Every structure is written in structure tokens, then in C-alpha cells.
Amino acid sequence: MPGGARTFLLLAPALVVIGVLFLGGLGVAVLRSVGYMPLIGLTDPSLDAYAALLSNRDFYRSLALSLHISITSTLIASVIAVGAALLLRRGFAGRGIVSFLFQLNLTVPHLVGAIGILYLFSQSGSFARLGYQVGLIDQPGQFPALVYDPFAVGIILQYVWKEVPFIGLVVLAQMQGIGADYEAAARSLGARPWQAFRHVLLPLILPGLLASSAIVFAFTFGAYEIPALLGQSHPQALPVLAYRLFTDVDLAARPQAMAASILIAAISGVMVWAYVALTRRRVGG
Amino acid sequence: MGRALRTTLGTVLILWLVLPLIPLGLWSFARGWRWPDLLPPVWTLDAWAYALSQTGGVLQSLWTTIAIALAATALSLLIGIPAGRALGLHRFRGKALVELLILAPVIVPGIAVVFGVQTVFVSLGLTQSAMGVILAHLIPVLPYTILVMAAVFSGFDTAQEDQARSLGASPAQAFRHVTLPAIAPGILVAGLFAFLVSWSQYILTLVIGGGRVETLPLLLFGFVTSGRNDIAGAIAMINILPGLLILFVTARRLTGRSAALPGILRP
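Chains A and B, in that order, are what the protein sequence lines are. The numbers in this note's numbering rise by one with no breaks, and the one at position 132 of the first sequence is 132. The numbers in this note's numbering rise by one with no breaks, and the one at position 105 of the second sequence is 1105.
A couple of the hints might just be wrong.
Listed next, with one range per pair, are the computed distances between beta-carbon atoms [said to hold, decoys possible]:
id, chain 1, residue 1, chain 2, residue 2, range
1, B, 1244, A, 3, 41 to 47 angstroms
2, A, 45, B, 1128, 52 to 58 angstroms
3, A, 6, B, 1180, 17 to 23 angstroms
4, A, 3, B, 1125, 50 to 56 angstroms
5, B, 1055, A, 90, 52 to 58 angstroms
6, B, 1228, A, 4, 54 to 60 angstroms
7, A, 96, B, 1188, 19 to 25 angstroms
8, B, 1159, A, 266, 43 to 49 angstroms
9, A, 8, B, 1128, 33 to 39 angstroms
Some but not every residue of chain B turned toward chain A, in silico, with C-beta under 7 angstroms [what the hints assert, rightly or not]:
id, residue
10, 1006
11, 1021
12, 1024
13, 1079
14, 1085
15, 1092
16, 1096
17, 1112
18, 1115
19, 1217
20, 1247
21, 1267
Derived coverage of chain B by chain A (criterion: at least 3 residues anywhere in the stretch with Cβ under 8 angstroms from a Cβ of chain A; other residues may be distant) [said to hold, decoys possible]:
id, stretch
22, 1026-1039
23, 1053-1060
For the record, the hints were derived by calculation from the structure and aren't laboratory data. Predicted model only: the values in this text are computed from it and were never measured. For every residue, glycine included, the Cβ atom is placed at its ideal position computed from N, Cα and C.
Can you build the whole structure from these sequences, using the hints too?
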């Protein structure tokens, strides 16, 4: 059998599965979002669902909330992750525990982390109780609203908790691949520690940092269960709004749900593409 | 950075990483833990007894979750091992495009495809069934399996197969006695992480299962929103268990970075 045909046969089942389920699912969502449903006689595509969605104030509030959640979580997680990787690179007491916890944390389902955050930071949670015990507050209501809150603090806390180990391990692997020689050279030429980090190490770890934070951005933008559990009821994060439209008793909302899901895919796709393009240029230049 | 500062920051990091898991564990042994008690006034095994009873529904949900994850893992290995071989060993036209297609489901959120998949599955009678949920779980599970297996095969030397063949082994024998032993540790890691990815799914199960297929994450969400913190704590602990086991297995099988590598593919 010629090599090309053999390679194709090895790949074919995987390509069929991903093609049918992933591309098919995406394609059907696009068709339904433009109202193309030949089975019930709708063969005239229209952009009504998008128009309805884009003229809805709730949509923009959900979009703003979701962008806020993913941009803030990604930025905070990236900064802490680089710090943690710098810490892990050098030895310190408890380094073994941190790397074990990093790996354990990667295996914990997001929902479990979200419930942990809920029990810690809700107004009757552990920190509120601690506040009462030390005499800072008298009632649960006096504790600042950190979950079900307009600024999505609880959601962001959960993402930071989950994603610091993810980005941290990617960046740490890069740092270990680079070694300490370049920084040592910069230091011997008179660079301060901060300068050696800013001008030597950071550019070298940037590809891994940007790639992992792009994945984090897309994930935090499109995840459902975390904002569904920790978010307030109005406005809802975009994925929660999409699911609500999808399960609406009014079936006319379905195409809008499809449109919302396509917009989520498009926005996370564009962000990832921008990051990749940025990474290539930085690495090339 | 001074040694003392490093130790302090490391301690803060450890505390922050463990912190959210503590109330979950405490709740699973608590009774009547009301405001403003810092610790449960009464310790009990009630929540665990409920979670592990035959009638509570948690065990049933546990078996459903395990069965779905095992099936998704088996299917994705069956499909992913050959694909991983093609990507890890061969160069061919359009490879970059194929890699992009395989990476896409890792990046594009599940909610973007699941409504479309549900629409098709309804007409095929696959919604509200474990079979439909297993197929939907392949969307995130298969790419991870392929990527891990591609990494495994990129370190595999095909000359060993050629030698076995030149000594008279059939292709099946060469695979059984030469290739399989070489890639077995990689298959184990790929399988364990495939299991974990399926185990943690939420929105795909919710939309495709339509409430009929109740995996542990769905059950857990229900207990949290109905305020049964004690049972939610117990289910959350059960939910963490496979990850913990997998961590110990892979840490012993492989060393250091290679164990973490497949894990870090997952946000």
C-alpha cells in the first residue's frame, strides 16, 4: 500500500468523527441560526435571529460580562502563573507540594472548584464566618457580595484558581527548556534582576505564555457551568444566556440560541487567531 | 528574591491551591453547620452513607458516569491511536490543516457545537440516551487522545517493526509483539486522561442527555442549588477521586515532566 493511502486510512476514522460531530454540529448551528430548516419548509435563509439578538440590550450586557470575565481571569492568572513558575524554577521549601497541587488542581473538575469557591466566599461562607468570629461583621449581609455579584468576582476567582496551574506548568516547562544561561549572561553584563526578566526571560517564554493564555481565554469565554453556578441571574454570562434561549418554551428563541453560540465560537476563534498571529510575529522578529 | 520571601510566597500559593477543597471536605462530614460556626458542631457520616446507599441515586449516577467515560475512552483510543500514528510518524500534504481540525475542538467551546449536535441527534433518536452522550463526549475527548498518541509515536522508532517483519512476523504479529509493548505506557496515559476529560463534562451531557442521563457533575449541580451542601461535599470528593488516582498512577509510571505533559493540554 502506498504511504499516502496508508496515512489517509490511519487518519480517516478520526477525521470522520471530528468532521461529523464537530464541524457538523457547528454547521447545523449556523444553518439553524439563519433559519434554514428544509424539513419544515424553511428554505429562505435570513439574518433575523442575529438581528433580534443584536438589538437586544441583554445580549450586550451578557457579552460585556463574558468579556470582562475572560479578560480579567486570563490576565490575573497569567501574571500569577509566571510568578509561580519563577518560584517553582528555583528551589524552596514546599516546592514538591506546590508541583503536586498544581497537577492535582489540573484534574479537579471546574464545577468542583466552583463549589469550593462558593462555600468559601459566599455571604454565609467560610470567610464571612471568619469575619464574624473576629468581630468585623455581625450578619451575613454585611460581608461583601463576592458570588452572584455584578463584577463576577467569584467566577474570576474560580478561573484564576484553576488556570494558574495550567499556565504555570506550560511556562515552567519553557523556562526549564531555556535554562538560566541567558539571564546569567545579562546579569554579568550589568542587568538588574528585573531587567534580565523583562528583556531576556519574558520574550523567551512569551510563546508558551500567549498560547496557554489564549486557550484559557477561549475556555473562560465559553464555559457554562461555572457562571451558571456562581453568576448573578441578570445579566448572565453569554453561554448561560445561550442555554436559556435554547431551552426557552418559545421555540422561536432557538435560532437566537444558535446565533449566540456561533458568536461565542467566532469571538473565541478570533481571539485565539489574534494571539497565534501575535506569537508568530514576536517569535519571528 | 530572598529565601524567606520565596518560602512565604510558596506557602501562600499552597494555601490558596488547597483552600477551595477544604470546605467541600468539611461539609461532607458536617451536620447542622450553620452561620456563624467556623467548624461543624456535629461530625457525622450521614452524607457519605446517603451517597453510598443503594437508594440515594448517587451510586447509580456514579456507575453511569464511569460507564460513559469508559466507553468514550475506548472509542477514542480505537480511533485516536491510528490517527496519532499518522500524525506522529508521517509527513503528508495538508498535515497542518489536519492538525488544525484536531486542535479546533480543544479551543472552540462546547456550547458552540452542542446545540447543532443536539438538533441532529434528536432526529437520530440519540438524545436522552447514554449512547448520544458518549458520542458527544468524543468531541473534546478524541483530540486529547490523538495529541497524546502523536507525541508518543513521534518518539517511536519504526525500524523495530521493520526488523520484526524481516524476521518473518506478520503485520499483526509485529504490532502485537513490537509496537504495542513500546507504546503501552503512552496508551495508558492517553486513556487515563481521556477518561478524565469525559468524567468532567457538563454542558455536553446536559444538552444531549436532556436531563435523562444524569452523570455525577449534573447530580452535583442539583444538590448544590438545592442547598444540600453536605451531600454536595461528598459527591465533590468522589468527583476528585479519579484525578487523584490517575496522578499517582502516572507519577509512578512516568517521571516528572512527561506525567504533567498530557495534563497541561487541558485548561
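Status of each hint after checking the structure:
no. : hint                               : verdict
1   : B:1244 / A:3: 41 to 47 angstroms   : holds, 43 angstroms
2   : A:45 / B:1128: 52 to 58 angstroms  : violated, 30 angstroms
3   : A:6 / B:1180: 17 to 23 angstroms   : holds, 18 angstroms
4   : A:3 / B:1125: 50 to 56 angstroms   : violated, 41 angstroms
5   : B:1055 / A:90: 52 to 58 angstroms  : holds, 54 angstroms
6   : B:1228 / A:4: 54 to 60 angstroms   : holds, 58 angstroms
7   : A:96 / B:1188: 19 to 25 angstroms  : holds, 24 angstroms
8   : B:1159 / A:266: 43 to 49 angstroms : holds, 46 angstroms
9   : A:8 / B:1128: 33 to 39 angstroms   : holds, 36 angstroms
10  : 1006                               : holds, 4 angstroms
11  : 1021                               : holds, 6 angstroms
12  : 1024                               : holds, 5 angstroms
13  : 1079                               : holds, 5 angstroms
14  : 1085                               : holds, 6 angstroms
15  : 1092                               : holds, 5 angstroms
16  : 1096                               : violated, 12 angstroms
17  : 1112                               : holds, 3 angstroms
18  : 1115                               : holds, 5 angstroms
19  : 1217                               : holds, 5 angstroms
20  : 1247                               : holds, 6 angstroms
21  : 1267                               : holds, 4 angstroms
22  : 1026-1039                          : holds (count 5)
23  : 1053-1060                          : violated (count 0)
Violated hints for the displayed structure, listed by number in ascending order: 2, 4, 16 and 23.
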